[in-house]
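Asker: Chains as they are written, first to last, in the numbering used here: chain F, 3 to 378; chain R, 142 to 398.
Don't read these hints as lab results, they were simulated from the structure. Built from N, CA and C at the ideal position, the CB exists for glycine as well. Don't take each hint at face value.
[Said to hold, decoys possible] Just so you have them, the derived chain F footprint on chain R, three or more residues with Cβ under 8 Å:
| id | region |
| --- | --- |
| 1 | 189 to 200 |
| 2 | 221 to 227 |
| 3 | 235 to 244 |
[Stated by the list, open to error] Each pair of labels, with its calculated beta carbon distance range:
| id | chain 1 | residue 1 | chain 2 | residue 2 | range |
| --- | --- | --- | --- | --- | --- |
| 4 | R | A305 | F | Q291 | 52 to 62 Å |
| 5 | R | L273 | F | Q291 | 18 to 28 Å |
| 6 | R | T159 | F | I325 | 43 to 53 Å |
| 7 | R | K254 | F | G213 | 48 to 58 Å |
| 8 | R | T159 | F | L363 | 24 to 34 Å |
| 9 | R | K365 | F | L9 | 53 to 63 Å |
| 10 | R | Y155 | F | G213 | 44 to 54 Å |
Chain by chain, the residues:
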Amino acid sequence: MRIRRILSIIKKEFIQIKRDKPSLGIAIMMPLMMMFLFGYAVKVEVDHVPTAVWDESQTLQSREFIRSFQNSNYFDVVTYVSNRGEMQALMDTGEVKAALHIPPDFSRNILKGEPAQTEMLVDGSDPTVARTVFSSGVLIAEHFSRNISLKTMLKRGSGTITLPVELKPRVEYNPSFKTEIFTIPGLIGLVMQNITVMLTAFSLVRERERGTIEQLIVTPIKPAELMIGKLIPYIFIALIDFTLSLSIGMFWFHVPVKGSLALLFPLALVFIIVALSIGILISTVARTQLQAMQMTMLFLLPSIILSGFIFPLDAMPEIVRLISYMIPLTYFLRIIRGIVVKGVGFDILYSDTLALAFFGLVLFTLAIVRFRKKLE
Amino acid sequence: MDYAVELNGITKKYGNLTAVDNLNLKIPPGSIFGFLGPNGSGKTTTIRMMCGVLTPTSGSGKVLGYDILKNPEEIKKKIGYMSQKFSLYEDLTVEENLDFYGEIYSIPPKEFKERKDIVYRMAGLSGREKTLAGNLSGGWKQRLALGCALIHKPSLLFLDEPTAGVDPVSRRIFWKVIREMTKNNITVIVSTHYMDEAQTCDLVGFIFKGKLLDFGDPNEIVKKNNAQNLEDVFIKYVEEMTGEHHGVRPLDIFFNG
Chain F
3 MRIRRILSII KKEFIQIKRD KPSLGIAIMM PLMMMFLFGY AVKVEVDHVP TAVWDESQTL
63 QSREFIRSFQ NSNYFDVVTY VSNRGEMQAL MDTGEVKAAL HIPPDFSRNI LKGEPAQTEM
123 LVDGSDPTVA RTVFSSGVLI AEHFSRNISL KTMLKRGSGT ITLPVELKPR VEYNPSFKTE
183 IFTIPGLIGL VMQNITVMLT AFSLVRERER GTIEQLIVTP IKPAELMIGK LIPYIFIALI
243 DFTLSLSIGM FWFHVPVKGS LALLFPLALV FIIVALSIGI LISTVARTQL QAMQMTMLFL
303 LPSIILSGFI FPLDAMPEIV RLISYMIPLT YFLRIIRGIV VKGVGFDILY SDTLALAFFG
363 LVLFTLAIVR FRKKLE
Chain R
142 MDYAVELNGI TKKYGNLTAV DNLNLKIPPG SIFGFLGPNG SGKTTTIRMM CGVLTPTSGS
202 GKVLGYDILK NPEEIKKKIG YMSQKFSLYE DLTVEENLDF YGEIYSIPPK EFKERKDIVY
262 RMAGLSGREK TLAGNLSGGW KQRLALGCAL IHKPSLLFLD EPTAGVDPVS RRIFWKVIRE
322 MTKNNITVIV STHYMDEAQT CDLVGFIFKG KLLDFGDPNE IVKKNNAQNL EDVFIKYVEE
382 MTGEHHGVRP LDIFFNG
């Protein structure tokens, strides 16, 4: 292996990248665009659910009950209706996702100290929304009841009540339940993967399509020299992309990095090399740029779903989880979330890093072995 | 090393198509070998097998003493190759292309500057150093390709139709360079359509439908066949092979196979 040959490839690639302004522009702009676009789109937080209210009671108590829903921020009372048909119609058109029905005897029952039945309709088409609406609705009603009980007990003079069991939750890492804290680091990982794989996926195919590979393979260059030379320039671009994506996450979406940046960057570099190796491997298999594009998609799409970017790995069936462990992004998501959200160190992340390094080694070796200095 | 190139029964098949059919060839060092044949006759396939970038289906061969199957990488160090289609980087300048290949061939930096000057002069590229290869016209592109093929002082030079569609000035430069090469005992294998070029080669070989029809000194071949020139000989061979007799001008047949 000759360093000079590798350097000459690196130099050549840099010149070509520099002269191909549109591609360079895309390589730099794409992470910015994806971060902004997906940063807003990937939001799993459910709040301000549009809600219709059918208040048959029309009393002080019923209005207080409605206000407690409104104040929770989970519900936005957007309209008042006066019969069940209207309630159903609004639900059908999707104008409201929840509807609260307070029957005429609501106040009467409360004052009598008897249970007052209320009713909540929930649009269950999106289970995530439905679950949040459902549980927060129940909580609000419970809280409301407890306050009433307390008041009556105080009135009766039996003093304060103590609940037999109390659970005091203490949420670690992300106490305010901000979804960005979870999604943005994942998004950075996903964006990095998508861009870096594509960067190298085209590199060898382009030489093949333009015919320049023919001149290259009659020289004594070794496949390893060519591959390393092709990889290194894109490491720089990918590092720029990573810095940009991370900055957007930190400064635009206000997701602070709890852990060490000095640890995050080297580990990101490991992931970048893995992703670039995937690209190069695609490049050795694909005959045309179109094929390279299709193969890239074939690889990228499952990784979005299976890497744990949106859906937790724990919820996946065993066999699917096995596939997840074959996807490098899975490990990097654990690394970046570990550092950004939890602030953990290398002592926790070393096994994920080792897994990534292993992938990198295998994929890159495979690419070198697959690349033949032959025509067909 | 008795021969610069020695092919024994080399065959290349693509499915049912036999591109090169049991070809034998012996080319002594320091000679110019003209490889003649119509489009699709198997010239490029044969040249690629000699360069070690294409694996023959059967047969064996040696180039510069190295086995083409076992030692292609040794061969690659010592040959220069100019492909039929321009295969240098169009988005690199003339000089950047030469620099790139100079470094790939690991030419010592001290020697490299001198080599570059020689190549610029030989290929008549001076003054075009900073031009993007993609902006060069056909003839100039071919000269650059020749320059890149020569930069590392190869012992054997493969030129695959270097003068096809090239202006007369560039054509003359090409043949001047080719003859200069042989003065230094460099073997040149050049495929061509032009019979006037072939006439000046030390050796020629006619290939048609993958088969080598004749091989030898061009003047002797003409004499042996009682023909006026190589072109007539070639037509005769093609007609014998196809069993057809064309009452048209020889050149038309030559180009339409």
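Asker: Taking the hints in turn, state whether each one holds.
Answerer: Hint check:
Interface restraint, the region 189 to 200 of chain R with chain F: holds (6 residues with C-beta to C-beta distance below 8 Å; minimum three). Chain F is given as covering the region 221 to 227 of chain R, and this holds because 4 residues of the stretch bring a CB closer than 8 Å to a CB of that chain, at least three being needed. With 5 residues bearing a CB less than 8 Å from a CB of chain F, the region 235 to 244 of chain R meets the requirement of three and the coverage assertion stands. Hint check: R:A305 to F:Q291, Cβ distance near 28 Å, so the stated range 52 to 62 Å is violated.
A C-beta distance of roughly 22 Å is found between R:L273 and F:Q291, which places it inside the suggested range of 18 to 28 Å. Range check, R:T159 to F:I325: about 45 Å between beta-carbon atoms, so the 43 to 53 Å window is met. A hinted range of 48 to 58 Å is violated for the C-beta pair R:K254 and F:G213, which are about 29 Å apart. Look at R:T159 against F:L363: about 43 Å separates their beta carbons, and that is not inside 24 to 34 Å.
Between R:K365 and F:L9 the beta carbons are some 55 Å apart, a value that agrees with the proposed interval 53 to 63 Å. For the pair R:Y155 and F:G213, the supplied restraint of 44 to 54 Å is violated, since their beta-carbon distance comes to about 19 Å.
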